[in-house]
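A.B. asks: Top to bottom, those sequences are chains S and Y.
Using the working numbering, read the first sequence as starting at 148 and increasing by one per residue.
Using the working numbering, read the second sequence as starting at 15 and increasing by one per residue.
Hints are not guaranteed to be accurate.
Partial list, computed: chain S residues near chain Y (C-beta under 7 Å) [claimed, not checked]: (1) Thr151; (2) Glu157; (3) Leu158; (4) Asn164; (5) Ser208; (6) Arg315; (7) Val363; (8) Asp364.
For lysine-lysine, the following BS3-like pairs were computed, each having C-alpha atoms within a straight-line distance of at most 27 Å [what the hints assert, rightly or not]: (9) S/Lys350 / S/Lys306; (10) Y/Lys179 / S/Lys306; (11) Y/Lys179 / Y/Lys95; (12) Y/Lys95 / Y/Lys77; (13) S/Lys306 / Y/Lys77.
It should be emphasised that the hints constitute simulated quantities derived from the structure, not laboratory data.
Glycine residues also receive a C-beta, built at the ideal position from the N, C-alpha and C atoms.
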Amino acid sequence: MNTTTSRFDELLPFYVNGTLAEGERAWVDDYLREHPAARAELHWARSLQSRLHEDVPAVSSEVGMDRALARIRREGPVPHGVRQAAQPSLWRRLGDRVGAWMPQPVLRPAFAGAVAVAVLQAVAIVHLLGEREDDVEQIRAMQASTVSEQGPYLKLNFKADAREADMRLLLVELDGTLAGGPGQLGDYYVRVPADRVAALGEKARASGIVDAVAVVDALPARR
Amino acid sequence: MDNDEVLRLLERIGQRDEAAFRELYRGFSRRLYAYVLRQLGDPAQAEEIVADSLYEIWRAPAKFRGDSQFSTWLIGIARNKVLMAFRSRKPDHQHEDIADVAETIAADEPGAFEVLAQQQRHEGVRHCMDRLSDDHRECIHLVFYEGLSLAEVAAVQACPEGTVKTRLFHARQKLKTCLKLLLQREGGGTLAGAAP
Numbered sequence: 148m149n150t151t152t153s154r155f156d157e158l159l160p161f162y163v164n165g166t167l168a169e170g171e172r173a174w175v176d177d178y179l180r181e182h183p184a185a186r187a188e189l190h191w192a193r194s195l196q197s198r199l200h201e202d203v204p205a206v207s208s209e210v211g212m213d214r215a216l217a218r219i220r221r222e223g224p225v226p227h228g229v230r231q232a233a234q235p236s237l238w239r240r241l242g243d244r245v246g247a248w249m250p251q252p253v254l255r256p257a258f259a260g261a262v263a264v265a266v267l268q269a270v271a272i273v274h275l276l277g278e279r280e281d282d283v284e285q286i287r288a289m290q291a292s293t294v295s296e297q298g299p300y301l302k303l304n305f306k307a308d309a310r311e312a313d314m315r316l317l318l319v320e321l322d323g324t325l326a327g328g329p330g331q332l333g334d335y336y337v338r339v340p341a342d343r344v345a346a347l348g349e350k351a352r353a354s355g356i357v358d359a360v361a362v363v364d365a366l367p368a369r370r
Numbered sequence: 015m016d017n018d019e020v021l022r023l024l025e026r027i028g029q030r031d032e033a034a035f036r037e038l039y040r041g042f043s044r045r046l047y048a049y050v051l052r053q054l055g056d057p058a059q060a061e062e063i064v065a066d067s068l069y070e071i072w073r074a075p076a077k078f079r080g081d082s083q084f085s086t087w088l089i090g091i092a093r094n095k096v097l098m099a100f101r102s103r104k105p106d107h108q109h110e111d112i113a114d115v116a117e118t119i120a121a122d123e124p125g126a127f128e129v130l131a132q133q134q135r136h137e138g139v140r141h142c143m144d145r146l147s148d149d150h151r152e153c154i155h156l157v158f159y160e161g162l163s164l165a166e167v168a169a170v171q172a173c174p175e176g177t178v179k180t181r182l183f184h185a186r187q188k189l190k191t192c193l194k195l196l197l198q199r200e201g202g203g204t205l206a207g208a209a210p
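Isolated chain S (complex conformation) (with noise of 0.2 Å):
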């Protein structure tokens, strides 16, 4: 292949799709004049220009909205003052957040089932409770005293996409333990060996999966 007809065939695929300079277009053209058996390659680019364009099915404009909608949802709210589209239901707002929080779908079966198991030792805790009133003084007491409130705390605001897996995983590597959240705006308080929790801090910042990390010395009060 000589330079001239090199040339040619560089230019033109961009000749065909029109983006190519005025000077470049001129001598295109002037190759096609002396060459007329270089015209079928154009016909040949340009028949090809064609049926791909041909080979795109039809699909809505919408394609994929509803899957970007809903994570725009997922979210948190929008800030006040904003002029909002529609809003979807309250109920269609808590299955998207229940959904974001399910784990894989391989795991949703023992998922439910630990839900299930959590369930019926609430049931079976209040009956108890019920039968026997000293002993939930006992408890009270008991819960008082053991359980403290004491900060600080890891105020966490987890990614929109980070996998509750991953969210485990970074409670144990920052020696955690989950206080409280999530609150309506996805806070979660997370409670950290009081002697390190700057470093924590910084650890969960450059976790991946954090967006924002602050550090509290107190629980919000509960309504």
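Position chain Y relative to chain S; hints supplied.
C.D. replies: Positioned in the frame of chain S, the structure of chain Y alone reads:
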């Protein structure tokens, strides 16, 4: 939708305006879907990547500063997700390259181009596009479907312009060869599933 209109929408998206996001989404989703589907061949995965790519715009609309065409920039986001999908694919999902077939069959026969141009149908083109390597297929799509310039293709593919030229040359040769073989297989007539 030109860049000025896109920038106006992005400004509204920055204020968490969902209506602006929907408008932008509708303006670019089809082209993006065409690109991802061409690369992956899986409609469900293509839909997922389109949604995830445009969600990135919602998260950080200010990242686009108007230095390039928005559609080109958006393809860059989707491309990263496509590459991730390629990495997670099993080997049997990888596209078969047709490098082992001689590349000059079509070129050395007088009138071969005319025959191919007249008789190739989009089913045949799709069949042969699927047999190109990922880079070659992407290159052909960006030039002939998206209408990108040489510099834009090089930017999207993160390679020198010379590499784009080489990819385009070989991709076109392979396509011609593949289409020629299809025609021969069909008795020199039409491609499978195509009208004469």
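A.B. asks: None of the hints should be skipped; say for each whether it holds.
C.D. replies: Verification of the hints:
1. Thr151: violated (15 Å)
2. Glu157: holds (5 Å)
3. Leu158: violated (9 Å)
4. Asn164: Holds, about 4 Å.
5. Ser208: S/Ser208 check passes; min Cβ-Cβ to chain Y is 4 Å, inside 7 Å.
6. Arg315: Interface hint status for S/Arg315: violated (23 Å vs cutoff 7 Å).
7. Val363: Hint on S/Val363: violated, closest Cβ of chain Y at ~26 Å, above 7 Å.
8. Asp364: Violated: closest Cβ of chain Y sits about 31 Å from S/Asp364, beyond 7 Å.
9. S/Lys350 / S/Lys306: holds (15 Å)
10. Y/Lys179 / S/Lys306: violated (41 Å)
11. Y/Lys179 / Y/Lys95: The hint holds at about 25 Å.
12. Y/Lys95 / Y/Lys77: This hinted pair holds, its Cα atoms lying about 17 Å apart.
13. S/Lys306 / Y/Lys77: holds (18 Å)
Of the numbered hints stated above, those contradicted by the structure are hints 1, 3, 6, 7, 8, 10, listed in ascending order.
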